[in-house]
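2 protein chains.
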Amino acid sequence: MLSSAQQSFLSGIFSEEDISFSPEEICAYGGDSSRLFAMPWAVVQPRNVEQVQELLQFAHAERIPLFPRSRGTNVVGACVPQGGGIVVSSLNLNAIRDISPTDFVAVAEPGVVTAKLQSACAAKSLFYPPDPASHRISTIGGNVSTNAGGMRAVKYGVTRDYVLGLKAVLPGGQLIECGGRTHKNVVGLDLTRLFVGSEGTLGFITELELKLLPLPQQTASVLVGFSSLEAALHAASEVFRAGILPVAMEFMAREVLEALSAVTTAPWPEATRAVLLLKLDGSEEVLPLELARLSRVLELCSPSFLATGQGADEEALWEVRRLINPASFTVAPDKMSDDVTVPRGRVVEAVAGIREAAARHKLVTLVFGHLGDGNLHVNVMYDKTAGQLPVAKALKDDVLKVVLGCGGTMSGEHGVGMTKYPYFNRQIGPVERQLMRRIKADFDPRNIMNPGKAY
Amino acid sequence: MLSSAQQSFLSGIFSEEDISFSPEEICAYGGDSSRLFAMPWAVVQPRNVEQVQELLQFAHAERIPLFPRSRGTNVVGACVPQGGGIVVSSLNLNAIRDISPTDFVAVAEPGVVTAKLQSACAAKSLFYPPDPASHRISTIGGNVSTNAGGMRAVKYGVTRDYVLGLKAVLPGGQLIECGGRTHKNVVGLDLTRLFVGSEGTLGFITELELKLLPLPQQTASVLVGFSSLEAALHAASEVFRAGILPVAMEFMAREVLEALSAVTTAPWPEATRAVLLLKLDGSEEVLPLELARLSRVLELCSPSFLATGQGADEEALWEVRRLINPASFTVAPDKMSDDVTVPRGRVVEAVAGIREAAARHKLVTLVFGHLGDGNLHVNVMYDKTAGQLPVAKALKDDVLKVVLGCGGTMSGEHGVGMTKYPYFNRQIGPVERQLMRRIKADFDPRNIMNPGKAY
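The listed protein sequences derive, respectively, from chains A and R. Counting from 1, one number per residue, gives the positions in the first sequence under full-length UniProt numbering. Counting from 1, one number per residue, gives the positions in the second sequence under full-length UniProt numbering.
Chain A extracted, bound-state conformation:
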C-alpha cells in the first residue's frame, strides 16, 4: 500500500484526472484479457515524458512496483499488478508524432492503437505490416512489449522486425534513446531489440520509431479445404515449394470446423477435415496472376473445395477465421488458450500429439492458427462449474510437453506474463534465465518494473 506521503507526492506529479487511488475507479486496471486480477494501489496516466521520469525516479527511490499497461489486451496476465503497485497507463501517451513518406518511418507514442497507426500510414500509401488479431484494440506499445505477431508474419515477420528505435525511461528516471530513424544500424549492443518482447520489465517506453514499407496495392485470398490434416499440410508445403511466400497462411483443424458449423453455414463440403486460408498481396497487375498460380498449386493437391476472393469477397473468406473464438464457446463455457509454436515441418506431429492428449483428458481442443510460422493456437475447452479446471490444466501441461518435444516454444507471440511463468524452466535453462535476470538488474536494479513476470 502507498503511504499518504507517497500518495500526496504522486498527486503533485499528476493532475487530478490523471491519477486515482479510488478502489472503484482503479479496479478496472487490475485485470487484463487473461482474466487474472490483482488490485492496484493506484493508477496514473502520464501525459508527457517528464511525468514518466518523475514517477520512475520516485518509484525507484521508494521501491514501489510499477505495472506498465496500455489497453490490457494481454492474454497471459502481463498487465496484472500482482503483489500490488502502481499501474502506469500509456493511454494519454497516444500521439502519432510523425509518419514520413520519405524516411519510411512512423514515430508513435506507446498508447497509439495499432489499427489507427496502420490507417494513418495507409492514408500516405505506407504500410506497417505487423497485425496481431487484436490490432483494432491493442496498442503499439503493448505490441512491442510482447513482440506481437499476427497473420502477416509469414511474409512480413513480426513486430521486432519493424522497431528501428525507441525512447524509454529507466527506474531512477533516466531517459534513454536506442536506435533511431535509420533502416540499418549496427553500433553497440542492440538495446532496441532487447526492449522488444521484454513485457515491461526493463523500463517504460515513451516513443517508438517504426519501419514502414510501401503499401501493396491489393490483396487477395484463397480458402481451401482438404479431406485430412496431412493433405492440408502437404498442400501448404507445395505452396512454399513453388516459391510462393504468402502474406498469411492460416489453418483450422477438424475440431475447429465442427465448432464453426454450430455458428455459421460453413462454405466447405461435409468431407472437409482441414482448411487453409491464404492471403497474397501485390500490384493490381500481377496479383490476379499470382492468385491463379497459387490456385493451380492448390488444385493439384486434391482439395475438397477452393474459393478465391478479392475486396468484399475476400473479407467474407476471412469471416470464418474471426468466428473461431466465438464458436469455441459453443463447445464449452471456459477456454484455456495457448500460442505454442513448433518448427514448421513438425506441425502434423504436434497436432497429432495435442489431439492424443485431448482425447486422453476427454476435453475438446481446437487447434488453428498461423501455419506458415508453425504458430498454433490451442483452445482447450472445458467447464469450470463441472470441475474440469484441473483436467484443463493437466491437458495444458501435456500440450506443452508435446510442443517442447517437437523443438517448439511455449509462446510464439503472446509472451510469458503470469500464466506461462510457472513453465519457464521447462524451456529455458538456468544459465540463460540467470543472464536474463542479470540484464534486467542492469536496467532495473530494484526490480520495480512489472516484477515476477516473464522470466
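Source of the hints: derived by calculation from the structure; they are not laboratory data. Glycine is no exception: its CB is placed at the ideal position from the N, C-alpha and C atoms. A hint or two may mislead.
Unchecked claim - Calculated pairs, EDC-like style, for lysine to aspartate or glutamate (alpha carbon to alpha carbon, straight line, at most 16 angstroms): (1) K124/R with D161/A; (2) K124/A with E238/R; (3) K211/A with D161/R; (4) K211/R with D161/A; (5) K335/A with E270/A; (6) K155/R with D161/A.
Stated by the list, open to error - Covered stretches of chain R, going by a simulated chain A footprint (3 or more residues, C-beta under 8 angstroms): (7) 14-22; (8) 73-86; (9) 94-106; (10) 331-343.
Mind docking chain R on chain A? Use the hints.
Quick look at chain R alone, frame taken from chain A:
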C-alpha cells in the same frame, strides 16, 4: 604473453595442427581487412564445442583475452587482437548441420562461408537472403557478429532478421542455447538478437539456426541514369510511391561514375550524373510484368538512359557496381571507407554535406551504396605518401558530423570495431553505453572477449 605453463595447457586442449605459437604462422591472424594489425600470442582453431568450452573456462580463469575470428574480412578492425591475446578461429567449425526444406531452417557452424550456405540452400529451392558484398569470402558467424546487411536488405532486411537461435560458449565455459528452430518465439529477454551485432564481445558462437524463405524463381535488374542526384533520388521515391519494394536499390554519385569511366566503358551517356541500380525478384510469370511496371515508373522520371536485364544480361548490369572499389584506386592510392546510414529521406542532404566537406578538404570522395536503406558507402580517397592521412581523418570526422546531423548512424552494417570506437560517444549517450558495458559484464565479467572493441 602466455607463460609456458599456459602454452602447455592449451596444447593439451588442441591437437598440434590446430594451435600455433609460432610468430611466422600466427602473424597472419593479427590483421583483418581494416589493415590494422596487432600480434596475437597464439592462434587456436577448435574442432568441437568441448574444445571451445575448455578454452573459455581456461581463458576466464587466467584472464587471457580472446579474439574470435573467422575469415578476417571485417573492415573496422573487429578481428584485430589489440593488446594481445589468443585468436580463436572458427575455420574448423565449418559444418552445415542441416538445411530443412520443411522447417525452413538452416543450422550452421560459424565458420561456414555465407555464399556456400546460400548455394546449399538454393539447391533445395531455399533462400537465405542476407548478402553482404563479402558473401563469397565472409562467414555466417562473422555476418551474425556484425549484423551484416547487403544489397537485398531493402526487401529482405538484414542478418538479424534471419537468426532464429544460436548456441554460444561464455567465458567460464558454459554453453548457452538461445532461441531455436521456430519462426516465432517470445519467451524471456531476446538473448539471440543481443548476440547479433555484438562483435564477439559476449561469448563464442558455436552454432546458428537461421530462417530460410522459399527461393524466388527469377531476378531481373534495371540500370538507370539521371542528369542530377536530385532526379535520381526523386525517381527512387517514385518507385516506392508506386508500391514497389525492390530487392535492391543501389546508387552511385557523380564522382563514382567518373572513377568508373577510368576502368570501364560506361554504359551511360555523358550527361549522366547519378545512376540507380535496382533488382526485382519473383516468379517467371510475373517478373516480366513487374520489370515493365518498374521501367514505366522510371521512364516517367526523365532518365538519361535505362537498361534492363535478366540472366547474363543482369550480371553485366551489376558488373559496374562491383568495379567501384577497384575504380576507387585510380583516384588515389589510399582509401578510408565508411558505411554511414541516414534516414532514407535525407540522402540528398547527406550527400550534399559530404561533398561540401570533401571540397573543403580537397579530397575526392566517392559516395555510393544501398540507397534503399539510406546506407551510404563513403570512400575518402587520399595519398598517404603525400602526407594526406591527417586530411583524410579530418574529412572522415566531418562526414560523421554531417551524418549524425541528419539523424544518421556511423555504421549501417560494418559495426564499430576499432576504427569507429573513438567516435562512439558522439552517437551513443553515456547511460546507454554504460548499459551495454554492464550487459557485457553479465556475459563476460572479466572482459576477456574481444576487449576494447565496439562499445
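So which of the earlier hints does this model not fit?
Of the numbered hints, 1, 5, 7 and 8 do not hold.
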